[in-house]
Amino acid sequence: MKSTLRNILHSPRFMVGFVIFMTMVLTVLIYPYFVPRNPLLSLGKGFLPPGTYFSVYDANNAPTFRVELPEADTNRLQNDLPQSDRKLMLDFLKAKGVDTSGLSSGNDKIADLLEAWKANYDEADVKSSKYEGFTTQAKRRALAKLDKKLNDFLSNASMKVIRGEGEDLQEKNVSGTEYTRVDQLANSVSLPLGTDNFGRDTLTELVQATGVSLLIGLIAGTVATLLGLIVGLLAGYVGGLVDDILMFVANIFTVIPGFVLLILIYYSVGQEARGIITCAMVIGLTSWVWTARSVRSQVISLRNRDHVNLSKLSGHSLFRIVTTDILPYIASYVVMAFILQVSSGILAEAQLSLLGLGPKTTEVPTLGLMMNWAKLFGAYTSSNAWWAYFPVILVIALTSFSLNLMNTGLDQVFNPTLRE
Amino acid sequence: MKNETHNQTDTRESVTFGTDRNKDFSKEPLCLSGKDVTRIFQNGKTVTTAVDHVSFEFHKGELVSIVGESGSGKTTLSKMLLGLLEPTSGQIFYRGEPRDISTGAKKRRYWEGIQAIFQDPFSSFNVFHKIDDVLLDCINMRGMRNLSKDEKFAMMSDACSFVNLKFAELTNKYPFELSGGQMQRLMIARIFLLKPEILLADEPTSMIDACSRATILDMLLNLRNETGMTVIFITHDIGLAYYISDSIYIMEHGKFVEKGRAEEVILQPKASYTKRLISDVPKIHEPWDLSTVG
Amino acid sequence: MAKKMLEVRQLTTKYITRQREDVYSVDHVSLDIEEGKSLGIAGESGCGKSTLALSLMGYYFPPLHYTSGDIIIDGKNISGLDPDVVRKTVLGSEIAYIPQAAMNALNPTRKIGRFIEDVIRAHELPMDKKQIREMAEQRFALLGLPVDVLDKYSVELSGGMRQRVVIAVSTILNPKVLIADEPSSALDVSSQKMVIKMMKDMMAQGLVKSMIFITHELPLLYNVTDDIMVMYAGQIVERGSAKEMVFDPIHPYSRGLMNSILVPEEGTRDVKLTAIPGTPPNLKHPPSGCRFAERCRYATAACRFNPAAIIDFDIGRQYRCNMSVEKLREVYESEERNS
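Protein chains in written order, with this note's numbering: chain A, 1 to 420; chain B, 1 to 294; chain C, 1 to 339.
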């Protein structure tokens with residue numbers, strides 16, 4: 001027993017899977033203490049890209065500090081000078097006969113472009129010389145407007161911010177070197193994975209969804225394994241008519257595709273009645289068949305082993321024989337089957353929810369529901385909001401990967417023929 | 001009920017059978033007998049008669065061998081004797097009365113008097129149970145759960161020394177840490193503790209080396225001599241059966257073709273099958289005639 | 001003196017376990033077999049007799065590895081040859097090996113005739129299908145096997161027939177040495193007899209020149225082979241003619257083995273079986289002295305430190321013990337007088 005445990009802990013596959021899985025479980029458990037927000041609370045409207053958001057009101061009311069940043073002007077120009085303006089600047093310089101070979105409208109050349117503009121633009125000169133392409137009054141006015149805009153950018157006290165409403169309209173001039181400290185902003189929200197279509201924080205939602213999905217997988221796996229184990233043990237050990245009846249039921253379940261059955265049951269239960277427990281139970285109740293069949297075949301081969309016969313001759317009860325002489329022998333197998341059942345339970349929930357047959361949407365999110373919402377509101381297509389579905393896919397893949405890794409790791413430990 | 005069997009075991013212990021190899025057991029009371037015992041297996045349309053109307057009489061304290069080649073039905077018969085399988089027709093008698101194992105309780109009652117040693121020692125033990133647990137279980141089964149720890153320990157040591165094992169070296173070990181021969185000896189120690197009325201040994205030495213085989217055979221003989229239990233020895237090895245048993249039943253295709261005292265069956269065989277079986281076995285002092293290959 | 005068909009000089013092979021430990025299960029074994037003779041190897045399970053059989057083929061695959069020594073078949077040394085060369089030029093044509101439970105080695109989806117074609121193909125012999133078929137039919141008729149077996153699948157045959165077919169197929173190229181590892185222990189006595197008869201016939205007809213027969217059943221060995229060799233813990237402990245080994249064993253271990261023989265003959269019931277207590281040593285850490293000392297009832301303190309050497313003490317007889325033959329005989333005689 002001890003050595004088996006040591007072998008399990010020395011199996012690299014099992015340990016990698018186990019670490020991934022436990023990291024996820026721990027995250028699910030600890031995260032709510034750091035972000036005690038209701039995961040289904042709407043924070044905004046529509047898909048917000050990942051980032052940290054501050055209240056604009058607070059940003060304006062915060063105390064200001066003068067910070068001289070040498071690159072600040074260039075950075076601001078890069079952000080605020082549209083490409084059309086840059087093209088106009090280039091066109092003018094070309095028309096004036098300046099060598100524009102070293103210039104372009106790119107962000108990296110914006111400082112050079114501005115310098116060339118300052119050196120060559122003169123309003124009076126433009127009026128008198130009538131450069132090619134800039135002969136009309138309108139064109140000349142556009143150039144003058146652009147020049148003023150650039151001057152505004154470069155002057156330090158030029159921005160007007162209007163605050164308040166109606167009577168209390170106030171104007172405030174903000175210089176380009178005025179800054180505010182982030183921690184003095186009262187209302188900020190950090191959204192590392194943005195928001196979904198309802199404006200809900202995707203990360204918080206994802207963490208809770210992972211927890212709920214794991215719970216569904218766990219319940220479904222437990223139900224399926226227990227049911228499969230009991231049916232398999234009874235059918236295999238008792239045999240005879242019990243075996244025939246149980247295997248008849250199992251065969252019916254085998255013949256009907258499980259997924260179709262799931263869809264039908266889910267549909268007939270109706271969305272309002274579908275809590276997560278119901279969902280998990282239904283998944284569990286439709287996936288016990290394979291466990292039952294393989295447990296049965298193992299029990300049948302064990303039933304004729306000499307130690308079971310000896311136990312019978314010793315007058316042990318059926319319960320005792322099953323629990324001490326048969327169960328321990330198939331325990332490793334059952335553990336592995338359980339792990340796979342958990343994994344397939346999670347996947348089944350995701351599939352069903354993606355089809356819109358998942359649990360009730362108002363209470364808790366699940367991984368499948370998140371996929372369903374992303375699909376319904378066009379996160380894949382129109383909004384291109386990758387943050388609403390890609391992390392969900394990743395979590396589903398990672399869960400199932402870690403569980404399967406644990407399973408193969410265990411298989412290697414328990415099955416000597418697979419050892420390297 | 002427990003007390004009753006306990007008393008019986010005690011009276012049985014007082015009987016000593018000595019080491020007379022040619023004792024006539026036919027006057028001893030019947031222990032296990034059968035009349036027209038038949039077992040038919042049906043798998044779809046194929047019907048196999050594994051055991052076909054066999055009758056037998058095993059007397060108290062007798063060491064009986066059932067000899068047959070593979071497929072002769074000896075394993076099916078042994079399962080029926082053990083009560084793990086019901087005969088299709090015919091009747092098995094226990095102590096001269098029809099054996100009734102129709103309910104679980106009656107079965108358990110029957111099993112208090114019969115125990116078995118099987119061919120493969122490696123599959124005879126539950127690998128999750130320690131040797132102490134295996135032996136302790138035997139003491140508890142005999143209704144001596146209330147004995148003190150020291151008394152139980154003494155009984156277990158006694159049983160182990162009977163089979164030349166040291167209990168002190170076995171505690172906290174698992175059976176699979178022993179060699180095949182040692183495991184089979186531990187099985188005998190188990191029987192020594194249980195002291196059943198009947199022991200069925202199903203090829204107990206066929207997976208064991210020749211040197212360990214001798215030990216086990218002698219231990220079985222000692223066990224019989226000391227406790228007077230009826231031993232049913234099932235084997236394919238006719239030389240081995242000849243060495244160990246008082247009477248021999250030769251089985252072919254589900255039927256007993258010959259039965260009798262060991263000396264008679266081996267040295268003056270009557271049935272042609274027995275003659276062939278004996279002539280097919282390579283011998284030391286007599287030539288092995290290869291020309292009679294059929 | 002007859003020609004030596006197989007000569008083995010100080011052959012040592014080892015298993016390398018998963019824990020990278022060396023287990024020398026064949027330890028400096030020397031033996032020779034003359035043309036037309038057969039040698040039986042006896043011993044408990046784990047004594048190295050099956051490993052010796054594998055090692056004699058000269059074809060090693062992990063975890064078995066060749067360490068040192070020579071295997072000379074009819075004057076040709078095959079030890080240390082490339083495995084591919086061994087497979088093409090030695091296996092099947094010089095030496096044939098029949099493993100335990102060989103009858104289960106037949107692919108159930110192929111007819112028996114195909115196996116013979118495979119053997120011919122593997123040795124790249126210039127024969128077409130028709131010639132192979134003719135040869136196979138001739139051989140089967142010669143060995144008394146029904147020819148229609150060639151067109152059957154292995155599952156249609158009984159265990160004894162399958163075993164005989166395996167032997168016939170593996171000796172189709174008339175190997176000089178046939179190594180049979182427990183060829184009949186899974187069979188009923190009547191099938192066993194047929195297999196043995198066929199092997200003896202093959203020897204008599206010269207289809208195989210010499211034979212090594214491995215089994216733990218001593219009465220069988222006594223009736224099949226000319227010589228018997230007893231192995232213990234990877235070493236030879238005694239060798240002699242079958243008769244000498246059964247009726248006059250010298251080594252305490254062989255004596256124990258011979259005393260455990262049970263046959264359906266007069267006198268068997270009066271035999272006092274002698275048991276050898278204990279188990280063979282673990283060859284990962286073999287004892288430094290005589291390997292049998294731990295279980296030997298005659299062992300002295302010195303035996304535990306002095307390794308026993310193999311000694312020729314008579315024509316064709318060897319034994320490995322620290323005590324002299326005379327001393328051992330004396331001990332045995334006084335024991336018999338006392339009992």
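Please keep in mind that the hints were generated in silico from the structure rather than gathered at the bench. Quick caveat: nothing in here was measured; it's all calculated off a predicted structure. Think of the CB as a built atom: it goes at the ideal place given N, C-alpha and C, for glycine as much as any other residue. One should not assume that every hint holds.
A short, non-exhaustive set of chain C residues, derived as facing chain B with CB atoms under 8 Å [unchecked claim]: (1) G113; (2) V149; (3) Y153; (4) L257.
Some chain A residues well away from chain B (every beta-carbon gap over 10 Å; in silico) [said to hold, decoys possible]: (5) I30; (6) G51; (7) W290; (8) K312; (9) L313; (10) G315; (11) P328; (12) Y329; (13) M336; (14) V364.
Results for each hint:
1. G113: Constraint on C/G113 not satisfied, violated at 25 Å.
2. V149: This hint is violated: C/V149 lies away from chain B, its Cβ roughly 17 Å from the closest one there, beyond 8 Å.
3. Y153: Constraint on C/Y153 not satisfied, violated at 20 Å.
4. L257: 6 Å, holds
5. I30: At about 38 Å from chain B, A/I30 clears the 10 Å cut-off, so the statement holds.
6. G51: 58 Å, holds
7. W290: Answer for A/W290: holds, closest chain B Cβ roughly 26 Å.
8. K312: Violated, because the least Cβ-Cβ distance between A/K312 and chain B comes to about 7 Å, which does not exceed 10 Å.
9. L313: The assertion about A/L313 is violated, with a minimum of 5 Å to chain B.
10. G315: 4 Å, violated
11. P328: 5 Å, violated
12. Y329: 8 Å, violated
13. M336: 18 Å, holds
14. V364: Given a closest Cβ separation of 42 Å, the condition holds.
The structure fails to meet hints 1, 2, 3, 8, 9, 10, 11 and 12 from the earlier list, while all remaining hints are met.
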